[in-house]
Structures are given as structure tokens and as C-alpha cells.
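Asks: Each chain, letter by letter, is given below.
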Amino acid sequence: MKKDIILAGVGGQGILSIATVIGRAAVENNMFLKQAEVHGMSQRGGDVQSHLRISTDPIASDLIPEGKADLIISVEPMEALRYLPMLHADGWIVTNTEPFKNVPNYPDDQVVFDALKKQPHVTAFNADQVAKDLGSARSANMVILGAAARHLGLPFEEFEKAIRAIFGAKGDAVVESNLTALRKGAELGK
Amino acid sequence: MQKLLLLGDEAIAQGALDAGLSGVYAYPGTPSTEITEYIQNNKDARERGVHCTWSVNEKTAMETAVGVSYAGKRALVCMKHVGLNVAADPFTNSAITGANGGLVYLIADDPSMHSSQDEQDSRFYARFAQIPCLEPSSQQEAYDMIRYAFDLSESMRTPVLFRVTTRMAHSRSGVERREPRKANDLKLCDNPKQFILLPANARKQYRELLAKQDAFEQHAQKDGFNRYEDGADKKLGIIACGIAYNYLLENYDNLKCPHPVLKISQYPIPRADVQRMMDECEKILVLEEGYPIYEELLRGYMNNGGRILGRMDGTLPRDGELNPNIVAKALGMPATKGAPVPELVVARPPALCVGCPHVDSYLALNEAMKDHGKGKVFADIGCYTLGAMPPYNAICSTLDMGASITMAKGAADSGLSPVVAVIGDSTFTHSGMTGLLEAVNDKASITVMIMDNSTTGMTGGQDSHAFGKIEQICLGLGVEKEHIRLMKPLKANHEENVQIIKEELAYKGVSVIVPRRECIQTLNRRMKQQAAKK
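As you go down the protein sequences, you meet chains U and D in turn. According to our numbering, the first sequence is numbered sequentially starting from 431. According to our numbering, the second sequence is numbered sequentially starting from -14.
Think of the hints as simulated: they come from the structure by calculation, not from any bench. Model, not experiment: these values are computed from the prediction. Careful: at least some of the hints might be erroneous.
Stated by the list, open to error - Derived CB-CB ranges, DEER-like: (1) LYS207/D - ARG580/U: 17 to 23 Å; (2) GLU480/D - ASP538/U: 34 to 40 Å; (3) ARG594/U - GLU480/D: 50 to 56 Å; (4) ASP199/D - ARG580/U: 57 to 63 Å; (5) VAL326/D - ARG580/U: 22 to 28 Å; (6) ASN239/D - ARG580/U: 24 to 30 Å; (7) GLU164/D - GLY601/U: 33 to 39 Å; (8) ASP544/U - GLN514/D: 38 to 44 Å.
Unchecked claim - Using 25 Å as the maximum straight-line C-alpha spacing, the simulated DSS-like pairs for lysine-lysine come out as follows: (9) LYS207/D - LYS197/D; (10) LYS(-12)/D - LYS600/U; (11) LYS(-12)/D - LYS547/U; (12) LYS562/U - LYS614/U; (13) LYS314/D - LYS498/U; (14) LYS591/U - LYS562/U; (15) LYS207/D - LYS531/U.
Ideal Cβ placement from N, Cα and C applies to all residues, glycine included.
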């Protein structure tokens, strides 16, 4: 089993917390992993992406080849579209629809949504709103991860386990709010 | 031992700790910063007393590390590629002194300039100084290789350059640890003249360095990091350096290349292996993540023979980092690109953060400079370089660490007026102080704005040596007290700040303005930590 995943967003949105959970689940299941991150200048509000590769066989490149990604997980709608050249024809997009507008020429929301809707395999909803409704505005990332979980080739419980392990030190309340967000996302991603 | 999920930078840090490191010496710089941060946050390192506070700049870092090596202990020096320009003096001369305790220079290159102003290749520096160079192709290899680097440094009594690139530094993978090794005891070298580079000693030491060259190559041949992998299709042989090896294998099922491959992770490249490939293969493709250094050596300046393919003949792009697609194209494989990027997607360049103090400083500066025309504000390396972007369009230069003050002085010497230098607090102590002294002594007419956000911001908020010292430093360098002005960059203070800047622009001499407000990133982080403690 091999999954190549592009994680996308804007610097500061915290896409790496999604990667940490998937990575933990993969490694706990004895899979190989490579994950290329963006640090430095781009983190100051620029577009950022992470290439996350998990596989039961050894992985060569830290970067995913163009057109080979199985999945784009994005916490921002325009950023999801930026990486279409990376996506396989059968690949899926799972994205937040809440725009992050820090450039003056950001396109109209409707134009972005229409472009997303045109994609053959897409799950898109406002994860910020879902997280707010759950009472944990900062767990939008886990909502998106939950929605993407069914494409990741690992049993759902593995992601729950990973969240418990990663957030355990921060207390039960943090673990529970992240688990609730993950489960809600999974429901919406069906 | 346990398997850890580590960034390349973190694997190097853990590897160095497990190799008996006594101190890491570094100035923050992408993509090298995480090495020192990992050691700073490591419990074992703290308990063992491994030195890990930041250095003032790369030159002081390297010289201090040479002192550690002199005392017989193991030191790691970390910096980004352009930092090695700052440290070039101790770098080249320490090749002549050689090492006592293990001495490793970790240089992180940034091909494609993700966070840099050039894409210089540090392997050139290793050739220039004639010392061994290592370049890992995986995080595990990086971990293993750093211990080897210290061993090699001690057995050959030479500093070793350990080169990584952005993708190695900032990519995460599983790493298996080995049994840690104890730190060295204090032990001075047997030859009391080794570190005294008087000409008579230096000539002798240099001849010794030259005499070591064959041994360096033999180590590269037999120590296991370079490997000749035979292949049936000898129409092409491939020399794959560092992580280019991964990009090559990515293009083949089961990661099996049909051509002979020479995997290179240690330099100088062993001639015997290259000779074998030259004898057996019709053409040779050289994959280097950086400059075509060995490609040019193999083809020769006049391209005799025309058998060498790579960046110089257009088989690969001349600049920028490699990736699996670029290598696939060089191998004649079809493109795999997915759907195009929709036209609606616009660029999202990095920008100053919401709430950043530099925003208010630039708004005030722009207004004060409004009537003086464009092209008179010289900036430096840091977050405030983003003042070049709209809506500020505030600066006319960014050259290297510290050049804002000296370039402004040169422009003032030439008659440009008024001129302003914009420099951050950490950059000021890194390389700005000497230029300011020169401006004072030469009675230049410049206004220096030391944007004090009390941290090294661009690299993520490391301690700044300038903290609490800027006014004293400026006074000590001879700036007149009444022309050292403080301001608090806030929207509410805008008019007052514009007035301060205007007054100093009118002064015909060196004045320093210090806009002081904490970086919004470090402030937010501190608030969060405080909230978590409650």
C-alpha cells in the first residue's frame, strides 16, 4: 500500500499538524514515510505545501512526482487548486472552503468554489464553521483530516490512536475536542 | 534502538549528540536552524552540558568551534550556505591548521533559493579548501554519516564539510539510533605549532594537507557511502550525487535502475569508479543537486569527447533544484503532469505578519521619505526585506548581512541624500556594527533604522545578541547621544514617528533610530505559553 499526499495551505495555518497525525499512524503500522516540509520565508503568510508519502515498501524521493499524488488535503480552497498538476487523474481533493484572503487580488469566492466543483473527485466544506459549531474553533485541521481519512488506506481507529498519543500530554480535554473534530469530519467526508 | 521520525536537520543533531558532541556553534539560517534548536531542546544535551547557545555570526561560530577542536573535543558548526561566505576566513585557514578534536562544518545549501539570495554550492568550498565533503541521501544516512564525519575528522586530523540541501534538511523520515558514544576528554594536540599559522608553519601544514588528498579519496572509495551499482544497459551510466540518487530511483519500478549507477555521498569522488563508468558506458549523465561541479570536471572546459550529459548541455536545467520529473525528462521518459493550475489561482507571496512592528515602521518611513523620491532606503537580510513588496515598496536594496549600512554610506559618499539604512537588531550585531563604526569615523550623512523586534524573526524567533544593548553599542561606536532616537512602531504613534524620522533625515551626520516593539510571532507564542501555565 502506498499513498502520496499533498498537504496545502497558507503559512501559519498549521498543515503540519495534519501531517503529524498521519505520519504517526503510518509509522505505528510499520510503514515507511517521507515528508518534505516548507520552513523559512514562505511561512510568513505565503503558500505552503508538504509532500507526505507513506508506503509499505521503501520510498525513494522526498518529493512526489507530478501527476502521481493520490490526494490533496487542503485547509484553504484556492491552495487546493494550486497543486492540481501534482494530482493523479483518479486522485481526490479534500479541502476546507473557508478562504484565507491575504492578497489584494484574491478571486471571488464563487469562482473558486465553481472551479473546485468541476474537479472529478472532491470533498469540500467549511471546516472552520464545523469546528466553531463543535466549540473548538482551532480544530478545523482535524475536521479536514477526518474527511480525508477514508482515502488514506489505514483503519480509522489508527488516526484516533495517533491523536491520543500526540495530544495526550496536553490533557484529556484537548484529546477529546480533536477526536470529536476528527469524527465529525469523517461523517462529512462520506 | 528506537525508531524516530526526524527531519534531516534533526537526524543530524541527534547523530552529533550520539557521536559525543561537546558543542554546537551556529547562527540561525534557513535551512540549517533546526539542528541547533533540536540540541537546545534535547534533555540529554542539557544534562551533559553540550554548548548550544546561538553565536553572534557564522565567523565567531566557526572560530569558537576551532577552539573546541583545539582542546580535543568534538564541535559541530551549523549555518546556511551564504553564512559560509561570512566564515570563509576561518574555514579556509582551518583546513591548513587541521583539526584535533572532531570538527564538522554543517552547511545547508538552498538550491532554487526558497529562502535565500543565491544558490551557491558548498561542495565548491570543500574543493577550494581541499577537505573531505559528505552529502547524505537519506535521513538515516545523515544520522550515520555525522558520526563518521567526526571519526574521519579525528583520524585524518582535518575539518570535514557536511553538505545538505533544503529537501534533506526539511524532510522527515524514520531514523534508527545507535549506541551513544561518550564525549572526548580535554586533550591538546601533540604538535604545539599546529594552530600557529606563521608562514613557516603554514607552508609545512599546507604540504601536509596536500599529502592527505590521496587518503581522502581512498576513504571515499572504501568507506561505504559511495557505491557502484552495476546495470545491464550500458548505453548510459549515471553519477547521482546526494538526494539526486533518490530522484533517479523514483523513476523506476522497484527502485531498480537498468543503467550502471555511481551513488555519490562522499567527496572527492573516487576516480577508480568514474574510470570504470567511462570505460563501460557510452554516455554519462551527472545528477548534481546544485552547481555542475563534477560534471564540468568530467567534461573539461572545452567539452572534449562530448560524452558527459547534465546541466551544462541542457539535458538538465542549468539552475534550480532537481526533482523526479526533471530527472525523468533527462532520461527521456514521458511527462506525468496532472491538470493545469486554473487561471483563477493567484500568487501568494510571503508578507509581513498582521500586527508586525515593521509594518508601522515602514508606513512612517514611507511618509517621511515621500518628498525625497525613491531609491534611497537600503535594507538588509531579515523579515523587513519583505518591505520590498507592495503595498510598502519601501526599499531599494538587499545584498547580504550588514550591507544596508555600508551600501547607504557608499551612496551618501557619492552624493545621494538623504539616505536611510534599515537593519534588524540581530543582523546589526551579526554584521552591522563594523559598518556603523566606519560611518561614524568617516562622518557620513546617513540615517540608520535598527528595527528592534528583540529576536531573530525570519528564522522563527531565536535569541538576539543585540537584546537590551543597542543604544549602548551605538554610543560606544561614537554615535552622538542626541541622534540616537527611540520610537515605538504603533499606528497610534504614526505622526510622532514620522516627525522623529524627518528630524534625523535633516541631520547631516550619522543618526540612529530604534523602532522597538516585540515580534508579533514571539509575543503570541509567549502569551500562549503563559496561558498554558495558568
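Asks: Each hint: holds or not?
Replies: Results for each hint:
Our hint of 17 to 23 Å for LYS207/D and ARG580/U is violated, since their Cβ atoms are close to 50 Å apart. Distance hint for GLU480/D and ASP538/U: a CB-CB separation of about 37 Å, consistent with the stated range 34 to 40 Å. Here the CB-CB span from ARG594/U to GLU480/D is close to 54 Å, well matched to the stated 50 to 56 Å. Judged by the Cβ atoms, the range 57 to 63 Å given for ASP199/D and ARG580/U holds: they are separated by roughly 59 Å.
Between VAL326/D and ARG580/U, the C-beta spacing of about 26 Å keeps the proposed range 22 to 28 Å intact. At roughly 28 Å, the beta-carbon separation of ASN239/D and ARG580/U lies within the given 24 to 30 Å, and the hint holds. A hinted range of 33 to 39 Å holds for the C-beta pair GLU164/D and GLY601/U, which are about 35 Å apart. Range check, ASP544/U to GLN514/D: Cβ separation about 43 Å, and the 38 to 44 Å hint holds.
Distance check on the hinted pair: LYS207/D and LYS197/D sit about 16 Å apart at the alpha-carbon level, within 25 Å; holds. Pair hint LYS(-12)/D plus LYS600/U holds up; C-alpha atoms about 23 Å apart against a cutoff of 25 Å. For the given pair, LYS(-12)/D sits about 42 Å from LYS547/U by alpha-carbon distance, which is inconsistent with the 25 Å threshold. Straight-line distance between C-alpha atoms of LYS562/U and LYS614/U comes to about 12 Å, which keeps the hinted pair within the 25 Å bound.
Note on LYS314/D and LYS498/U: the hinted pairing holds, with a Cα-Cα distance of about 15 Å set against a maximum of 25 Å. Taken as a hint, the LYS591/U and LYS562/U pair is honoured in the structure, with Cα atoms around 24 Å apart against an allowance of 25 Å. The suggested pairing of LYS207/D with LYS531/U is violated, with an alpha-carbon distance near 55 Å, which exceeds 25 Å.
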